[in-house]
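Asker: One-letter residues, chain by chain:
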Amino acid sequence: MSFFDKLRSLFTGVAPDGGASPSAMIPCEEALSVVHEFLDGELGGVSHEQVKAHFDACQRCYPHLHLEEVFREVIRRAGTGQRAPAGLKVKLMELLAEADA
Amino acid sequence: MIERKEQADSAASFEAEALTHLDAVYRFALRLSGAPDQAEDLVQETFLRAYKSWGQYTQGTAGKSWLFTICRNVFLRGRERHQRHDEIVTETVGRDGPGLNPVNPVWVSVLGVDPEGDFFESIVDERIMQAIDDLPEEYRMAVVLSDLEGLPYADIAEMMEVPVGTVKSRIFRGRRQLQNVLYDYAVEMGYIAARAGTDE
Numbered sequence: 001m002s003f004f005d006k007l008r009s010l011f012t013g014v015a016p017d018g019g020a021s022p023s024a025m026i027p028c029e030e031a032l033s034v035v036h037e038f039l040d041g042e043l044g045g046v047s048h049e050q051v052k053a054h055f056d057a058c059q060r061c062y063p064h065l066h067l068e069e070v071f072r073e074v075i076r077r078a079g080t081g082q083r084a085p086a087g088l089k090v091k092l093m094e095l096l097a098e099a100d101a
Numbered sequence: 001m002i003e004r005k006e007q008a009d010s011a012a013s014f015e016a017e018a019l020t021h022l023d024a025v026y027r028f029a030l031r032l033s034g035a036p037d038q039a040e041d042l043v044q045e046t047f048l049r050a051y052k053s054w055g056q057y058t059q060g061t062a063g064k065s066w067l068f069t070i071c072r073n074v075f076l077r078g079r080e081r082h083q084r085h086d087e088i089v090t091e092t093v094g095r096d097g098p099g100l101n102p103v104n105p106v107w108v109s110v111l112g113v114d115p116e117g118d119f120f121e122s123i124v125d126e127r128i129m130q131a132i133d134d135l136p137e138e139y140r141m142a143v144v145l146s147d148l149e150g151l152p153y154a155d156i157a158e159m160m161e162v163p164v165g166t167v168k169s170r171i172f173r174g175r176r177q178l179q180n181v182l183y184d185y186a187v188e189m190g191y192i193a194a195r196a197g198t199d200e
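In order, the protein sequence lines correspond to chains G and L.
Position one of the first sequence corresponds to residue 1 (the working numbering), numbered consecutively onward.
Position one of the second sequence corresponds to residue 1 (the working numbering), numbered consecutively onward.
For reference, chain L alone in the conformation it holds in the complex (with noise of 0.2 Å):
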């Protein structure tokens, strides 16, 4: 009797915090499978593994954070099986960070034509997203972590298992690229003009 109210008391637990990020889990395992059927089994491979560990689990924490993590670890389990031919990235971050240009040489282009940025408005949430799962694995992951769920980079490192530098280039150079093809797709589609000199 007494199991039976714990595991009542657990399940409702679980609904209230974690099932409360169902929506969030799925953006994200969209993002990693980019493809919607292979999503939905990640995800419930995620809640899953999640419910059967949540006992260890500390209520009241970062719950997405965790699942996150779940969900990544999954994946990445899963592709060790069924390779998905993704651009492997790798780089070495010194003490400076990402050693970008701090100026994307696209934005020099687009204060010369479009200084509001209204360029962007012209895309459509398909193009963008298309844009987003074109990103090398660990950029793409770093950008939706970011810039998608809000997550800080230390969450972020903890999750990818690198330290927080190597997370700010993936997060700055993803962005970067994501900035550079967006940009090229408005040319092509005539939501902005070109000016020369746009080569980074």
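This is chain G alone, in the form it adopts within the complex (with noise of 0.2 Å):
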């Protein structure tokens, strides 16, 4: 689902899953703050469903969340791209030879 669905979805007032109602979600300044351990994987005091909910269903945290994984997703491309100079491994099997020689 693009992000413009997922927004006409929250205008709508129905959840894309057609999950929680709002009125059992719990309160933005909640979810916001856990955001990070949200998508951490690292919840503690509140479920990964009850966050999910809110997040799904609420058109002013969405777009937060959303942009959190859009920054996520920029730095971890630019930060695993890069890889050991061709000649480490070969260096390092030696040193790893001489150590045990």
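To be clear, the hints were calculated from the coordinates, so they are not data collected in a lab.
Relax, there's no trap hidden among the hints.
Output of the computed footprint for chain L on chain G, the stretches with three or more beta carbons under 8 Å from beta carbons of chain L: (1) 28-37; (2) 56-67; (3) 70-80; (4) 85-95.
Think about it this way: if two alpha-carbon atoms lie no more than 27 Å apart in a straight line, the pair counts; the simulated DSS-like pairs of lysine-lysine are: (5) G/K91 with L/K64; (6) L/K52 with G/K89; (7) L/K64 with G/K89; (8) L/K64 with L/K52; (9) G/K91 with L/K52.
All residues carry an ideal CB built from backbone N, CA and C; glycine is no exception.
Now that you have both chains on their own, put them together as the hints suggest.
Answerer: This is the structure we're talking about:
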């Protein structure tokens, strides 16, 4: 589902998964305060489903979650493309062989 | 003869289990030291120490975290000798966590002009890595271990010898600082239109 489809579903008041009603949701403040733990899979006091239900249904909070997700993806992509120099493994193997000698 | 076979087995298992993390350890070393030649030295020292302690490592456990721990320790010991003048971050973390405004004020500005966050795509990887390198050391280490290498908070806490709450604080503050720096850069480069009231 695209960002705009998601927003449209939020404006129509229908959660994409047909899930929790807004009245059963945790408050915005609470959902936003755990956005990092939610994305990191490290929630403590509140369940993943509760937080997800909030972001799925709240048109105010969802865009913040989306930006956090985009930010993380960009950082991860930039940071994990780097490889060790080609000769480093060879140097290491020589070093380890010397340690064995 | 037996000794030679054990040595060969040990080298083979080390290559299979430890050297497989070479790229990740190199990236971590590069972020710590800030220079490719220093990173290479750091990686060599890390793997040499790991190899010598290979008998104490429980195979199949968190090898990457173990190597990062050695790498960090080698780096910190080296830095004591050649002080790198980084900003030292001290913070206190209460029971309530990092104590940041849960909504990044920069996001409020971004949502007004670029709700999909497309401006991030215009920023080249080198600029992103430079922004990470410019973070204060404790934030940088926490962000790299969490966001680039995907380590859980508990592993990072053990590695950095601080409580999990402190790790969370460092990750959150590091990310916030990065977001703000990259946003400012994007505004400066014209990748995104500036909006009033972006100061935190």
